[in-house]
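Colleague: Chains as they are written, first to last, in my numbering: chain P, 1 to 101; chain Z, 102 to 726.
Be a bit skeptical, because a hint or two may be false.
A short, non-exhaustive set of chain Z residues, derived as facing chain P with CB atoms under 7 angstroms [stated by the list, open to error]: (1) Gly699; (2) Arg700; (3) Ser702; (4) Leu705; (5) Arg706; (6) Phe709.
By construction, these hints were calculated from the structure, which means they are not laboratory data. All C-beta atoms in this analysis are idealised placements derived from N, C-alpha and C, irrespective of residue type, glycine included.
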Amino acid sequence: MIVPYDHILILAVLLFLTGAACVVARRTLIMILIGVEIMLNAAGIALVGGSLKWGVLGGQVFVIFIMAVAAAEVAVGLALIVHSHRRSGSVEADHYHLMKG
Amino acid sequence: MKTVLLLLMLFPLMGAALNALLGRYLTRRGVAAVACAAVLGALAMAVAAMVNTTAITRDIRLFDWFSVDGFQAVMNVHYDHLAAVMALMITFVSSVIHLYSVSFMREDEGIIRYFCYLNLFVFAMLVIALADNLIFVFLGWEGVGFCSYVLIGFWYSDEAKAAAGRKAFLLTRIGDAAFGVALGLFFLIFKDLSISHIVARTSLLSLGTATLLGLLLLWAAVGKSAQLPLLVWLPDAMAGPSPVSALIHAATMVTAGVYLLMRLFPILILSPAALMCTAIVGTLTALFGSFAALVQSDIKRVLAYSTISQVGYMLLAVGVADIVGGMFHLLSHAFFKSLLFLAAGCIIQALAGEHNIFRMGNLRRHLPGVSLLFLAGCLCLGTFPLLGGYFSKDRILLATFVHSGELSKVLWVIGMAAAFLTSLYTFRLYFIAFQDRPDGRKKDEFLQIPGFMSWVLYPLALTALFDGLLNLPGGFGKLFLGRYLASVPGSIVEVHATAREIWGMRIGSAALSLGGMVSAYFLWRRKSEEPALRGLRQVLFTGFYLDIFYERVIARPYNRIAGLLWTDIDEGGLDRGSEKIGGGFQRLSQGLRLWTTGRLSTYLRMLFLGFAALLCLLSLSWYIQ
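Pulled out of the complex, with its shape left as it was, chain P reads as follows (with noise of 0.2 angstroms):
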């Protein structure tokens, strides 16, 4: 393996936190679901490299199925969020407050 284990986990790391920090800070519901693909990618890089790492084919099999439920998930997700911002007009996160108590 050229790319030291240590390497791979580090990017996982930082594209993972990246996508946390514009889950967090962004107020849009599409940079959200971007920022949630983010963090699933950087976990399937994680689990690439370990596969590697002890020769487990595991790991890429998951990946595959990430990428599956993935591309579930942001038809879903853009659906919704078209559907919504026909209903209310809006694309902002916080503008949908009927859950609070």
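With the hints as your guide, set chain Z onto chain P.
Modeller: Just chain Z, lined up with the frame of chain P:
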């Protein structure tokens, strides 16, 4: 035979069911016709059953109800001569009363309800009279109690009348509780509740158990038959319509207790103590009732106390082991007392609901037919020589006199005194209400009543006057009833007494009866003003304050405890406690509500914060390791 007995019980039940389900589609005449036909059918069946009896005692299996763990509830009919006589009496008296009711209730709007319950009552009473299994006797026993309750409170919109019904129901339940306990004991000892089974195996009983069972049965009878100390419900039960008083509270239901004791007499006779208690209760009640009847001013209350007193005589007869005398008196009492109640019903209707005898007077002149019938009833009740109750009461008193033991002589003296008082109060009632007097009622104050109401009473009057023929002490047809009932376990055909005792008793009681009558004539012939209730008169009027005593000693403390349980423990303790707990949780959730801001960004931030904290903890634990 099976069909006849089944029909005997089913006719009234079908009448009740038909009126209950389809009564509103029938005319008033139709409702009455259904009810009367049902009871007349039952009368025909009772006669047919009596004529058809070939064997002395027959147990006829009608149907099985259920059987659980060795206990079998089988509806058998224990048809012996006692049951035959009782069933015939019940159906005859209720036929007359049903016919009378058609006229009596001619303007009442609750006629369907009335006839339905009346038929149901006849059914339940026949079950008591005929059933072999005590569980069915108990069902009938409760059935008559229920019908009595609804018919006393028939005019339920009047609060006092509804309360009288409730009182009767509650007080008779006190007796029924003892019946229930007795049923349990019977099953424990005999493994069966069939009367024929029990009576055949009385040798299984020890003296103590027999006494206990006898006393429990006596207590049950005391509740149902309105004896001391549970008699306070009967005078109030007069709130019901007069035919109901005649049927339920004079002729049949109140004698059910005595009948039960006769039916289970082989158990009672095992225990001298139970017999003695029965005799004492009966005698004291006879005296009590006579005293109380002496000062009443309501015509129906006089008759009610008189019923209490006469049922006391029947209990005395059972107590001195003469069930033939008891049955004889039961029959004659049923005839003359229902006659008196029905005639009183005519008078009350003719005077637009007047019950007070001091506001009557002149009835003999203006209501000659009814007063003749009432006089016949009075002569029977006052044991006028050779009429009605004379022979039966004579037989009971004779049996008491010759019964062994010193106590029976004392009871005999009390019984004789009560007999004198009976004659006295009966003719007091007659003279005050019926004699001519200047301030009595005028001709135009009388309402027209249907002639049928008095015509239908003539058969009853004839049986009442001449029912002594059933059991004449001598001559042709001597002791007919006694010989007929000879097959009933424990009965004696003739009271064994010397000729001197017999003749002394006959002349003595005739003298007492005539003496009471003559005294009443001189005391109350011209009486027209209602005397003030003071001193002894007040004590007697209230029934020796027994009612007030129960009110103060039992009802009021009970109400207070119930009130305490209700307001302080239930409402104050349980209800408020659970309300407080619920309120606490409500306040807690009000606080927790503030946490849910509904802002997605806050939630996400918190999610990551929690995740980070979790990771920190995890790495910390690795680091420590």
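Colleague: Does the structure break any of the earlier hints, and which numbers would those be?
Modeller: Per hint list: zero violations.
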